[in-house]
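S.K.: Listed below are the residues making up each chain.
There are 2 protein chains.
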Amino acid sequence: MERHFDAELKELHKEILKMGALAEEAIFKSIEALKNRDKNGAQEVIDTDNRIDELELAIDERCIDLIARYQPMAGDLRFITTGMKINAELERIADLAVDMCQRVLELTDKPLLKPLIDIPKLSNIAQKMVRDSIDSFIKKDVDLAKTIVLSDSQADELRNRVQEELVNDYMARDSSTASRAVPLLLISRHLERICDHATNIAEDVIYMVEAKVVRHHLEELG
Amino acid sequence: MERHFDAELKELHKEILKMGALAEEAIFKSIEALKNRDKNGAQEVIDTDNRIDELELAIDERCIDLIARYQPMAGDLRFITTGMKINAELERIADLAVDMCQRVLELTDKPLLKPLIDIPKLSNIAQKMVRDSIDSFIKKDVDLAKTIVLSDSQADELRNRVQEELVNDYMARDSSTASRAVPLLLISRHLERICDHATNIAEDVIYMVEAKVVRHHLEELG
Numbered sequence: 066m067e068r069h070f071d072a073e074l075k076e077l078h079k080e081i082l083k084m085g086a087l088a089e090e091a092i093f094k095s096i097e098a099l100k101n102r103d104k105n106g107a108q109e110v111i112d113t114d115n116r117i118d119e120l121e122l123a124i125d126e127r128c129i130d131l132i133a134r135y136q137p138m139a140g141d142l143r144f145i146t147t148g149m150k151i152n153a154e155l156e157r158i159a160d161l162a163v164d165m166c167q168r169v170l171e172l173t174d175k176p177l178l179k180p181l182i183d184i185p186k187l188s189n190i191a192q193k194m195v196r197d198s199i200d201s202f203i204k205k206d207v208d209l210a211k212t213i214v215l216s217d218s219q220a221d222e223l224r225n226r227v228q229e230e231l232v233n234d235y236m237a238r239d240s241s242t243a244s245r246a247v248p249l250l251l252i253s254r255h256l257e258r259i260c261d262h263a264t265n266i267a268e269d270v271i272y273m274v275e276a277k278v279v280r281h282h283l284e285e286l287g
Numbered sequence: 066m067e068r069h070f071d072a073e074l075k076e077l078h079k080e081i082l083k084m085g086a087l088a089e090e091a092i093f094k095s096i097e098a099l100k101n102r103d104k105n106g107a108q109e110v111i112d113t114d115n116r117i118d119e120l121e122l123a124i125d126e127r128c129i130d131l132i133a134r135y136q137p138m139a140g141d142l143r144f145i146t147t148g149m150k151i152n153a154e155l156e157r158i159a160d161l162a163v164d165m166c167q168r169v170l171e172l173t174d175k176p177l178l179k180p181l182i183d184i185p186k187l188s189n190i191a192q193k194m195v196r197d198s199i200d201s202f203i204k205k206d207v208d209l210a211k212t213i214v215l216s217d218s219q220a221d222e223l224r225n226r227v228q229e230e231l232v233n234d235y236m237a238r239d240s241s242t243a244s245r246a247v248p249l250l251l252i253s254r255h256l257e258r259i260c261d262h263a264t265n266i267a268e269d270v271i272y273m274v275e276a277k278v279v280r281h282h283l284e285e286l287g
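Sequence lines, in order, name chains Z and B.
The first sequence runs contiguously to residue 287 in my numbering.
The second sequence runs contiguously to residue 287 in my numbering.
If you are wondering where the hints come from, they were derived from the structure by calculation, not from laboratory data.
Only a predicted model underlies this, so the values are computations on that prediction, with no experimental measurement involved.
In this text, a Cβ means the ideal position worked out from N, Cα and C, and glycines have one as well.
Some hints here could point you the wrong way.
Which residues of chain B face chain Z? A partial, calculated answer using Cβ under 7 Å [claimed, not checked]:
(1) Ile129
(2) Ala133
(3) Gln136
(4) Thr146
(5) Val232
(6) Met236
(7) Ala237
(8) Ala243
(9) Ser244
Quick partial rundown of chain Z residues pointing at chain B, CB under 10 Å, derived from the structure [as the list claims (entries may be wrong)]:
(10) Asp125
(11) Met138
(12) Ser241
(13) Ala243
Per the computed footprint, the stretches of chain B lying under chain Z, defined by three or more beta-carbons under 8 Å from a beta-carbon of chain Z, are [claimed, not checked]:
(14) 138-144
(15) 147-159
With the rest of the complex left out, here is chain Z:
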C-alpha cells in the first residue's frame, strides 16, 4: 500500500513537471512569435492550449483520487493539496501565454512600432521564475522558493518601465501609435502576471514546508 502510494506520488511529480515545462514553453513561444511577427507561431500556442487544459484536469483527478484512496496523513496530504494549487497556477500561466499570442495576432497586421523595449528581458525572468517555482516544489526547496518571492519586485519594476515608456514616449507623443502600443503594454502586464503566479507557487511551497504563512507578508523574508 505504502509503496503503491509512493509510486503514484512520483507519477504526480512527473505530471506536474510536465505541466510546468509546457507552461514555460508556451511563454517562450509567445515571445518568439512576438519577436518574429509570426502569426502561425502565435496561432500554434493558442491551438495547443487544450493539451495543457487536459493535463490540468488529469492532475486534479489524480490528486483527488490519491486522497480518496490512500487517505494520506498531514505531510503527504498537504503536498497533494499544494500540488492541486500549483496545477491551477500553471494552467493560468498557459492561459496568459494564449492572451499574449492574441495580442501578437493583433500586432502582426500593423506596422512595427519599434524594438520591444524590456519585454524579452521580462519574459526571460518569467520563464526562469516558473521553472524555479516548480523545482522548489518538487525538491521542497524553501531557499529557492524564497528567492523567487523576492525576485517578483524586479518583474514589477520592469513592467512599470515598459508601461511608462509606451505611454510617455509613444502614445502621449504620437496618437497614431496607440493601437500598436496598447497590445505591447498588455503583453508586459501578462508577463508580470505570470511572475505573480510563479510567486504564488513559491509561497505555497514555503507554506507547505514551513507551515508558515509568507503569502501577503513579504517583508518577513527579507
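Since the structure of chain Z is already known, use the hints to place chain B on it.
M.R.: Relative to the frame of chain Z, chain B by itself:
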C-alpha cells in the same frame, strides 16, 4: 462523528459565503471610488484586502483539516476540494479590486477624461456573476452555474467595446489622453478578469455536481 462533520461543513459554507460577500463588496467600492474620484475610498479597499487574505488562509486550513480528520468519501471530498479552489478564485477577485483601486489612485490626480463608458455596467455584471457563482456552489445549483458560464461572453464583448472606444475615440485622436485612458482600459480588463474567475467557479460547480468537464468546452452548454 457524522454530525460533527456536517456542522463543520456548514461552517465552511458560511466562511465561503462571507468571502464571496467581501469580494463583491470590494468590487462595488472600487467602482464607487472610480465614479466619485474618491482617493480615500480606493485606499480603504487596498488597506482592508488583508482581511480577505486572512480569511482565505483560514478557509484553506479548515478544508485540509476537514479532509485529514474526517477522511470524507467521494462526494464530500469533492465538495471540499472545490471549496478550496473557489476560495482561491475569490482571493484573486479581491486582488483585482485592489488593482482597480490602484488605477483609481493614478486617475484622481489627473483631469477627468469623460464619463466612464460601459465600465459601471461591466462592474454590475461582474458583481452579479460573483454573487451567483457562490450561490450556485452552496446550493449545488447546476442550472445557475451554466447561466454564469454563458454570460461570460457578454462581459468579454463589453470589455472589448470599452477598449475600442478608449483607443479609437480618445488615444488615437488626442495623444494627451493616453495617461488617463490607459488606467480606464486596465480597469475594464480587471473587471473582465473578475468575470473570468466567477466563470471558473461556475465551471468547478458544474464539474463537482455532474462530474462532467465543461471547463474549456463551453460549446457543450449551449
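S.K.: Run every hint past the structure and note whether it holds.
M.R.: Structure-based check of each hint:
no.	hint	in the structure
1	Ile129	holds, 6 Å
2	Ala133	holds, 6 Å
3	Gln136	holds, 5 Å
4	Thr146	holds, 6 Å
5	Val232	holds, 5 Å
6	Met236	holds, 4 Å
7	Ala237	holds, 5 Å
8	Ala243	holds, 4 Å
9	Ser244	holds, 6 Å
10	Asp125	holds, 8 Å
11	Met138	holds, 7 Å
12	Ser241	holds, 7 Å
13	Ala243	holds, 4 Å
14	138-144	holds (count 4)
15	147-159	holds (count 3)
The earlier numbered hints are all upheld by this structure, with none contradicted.
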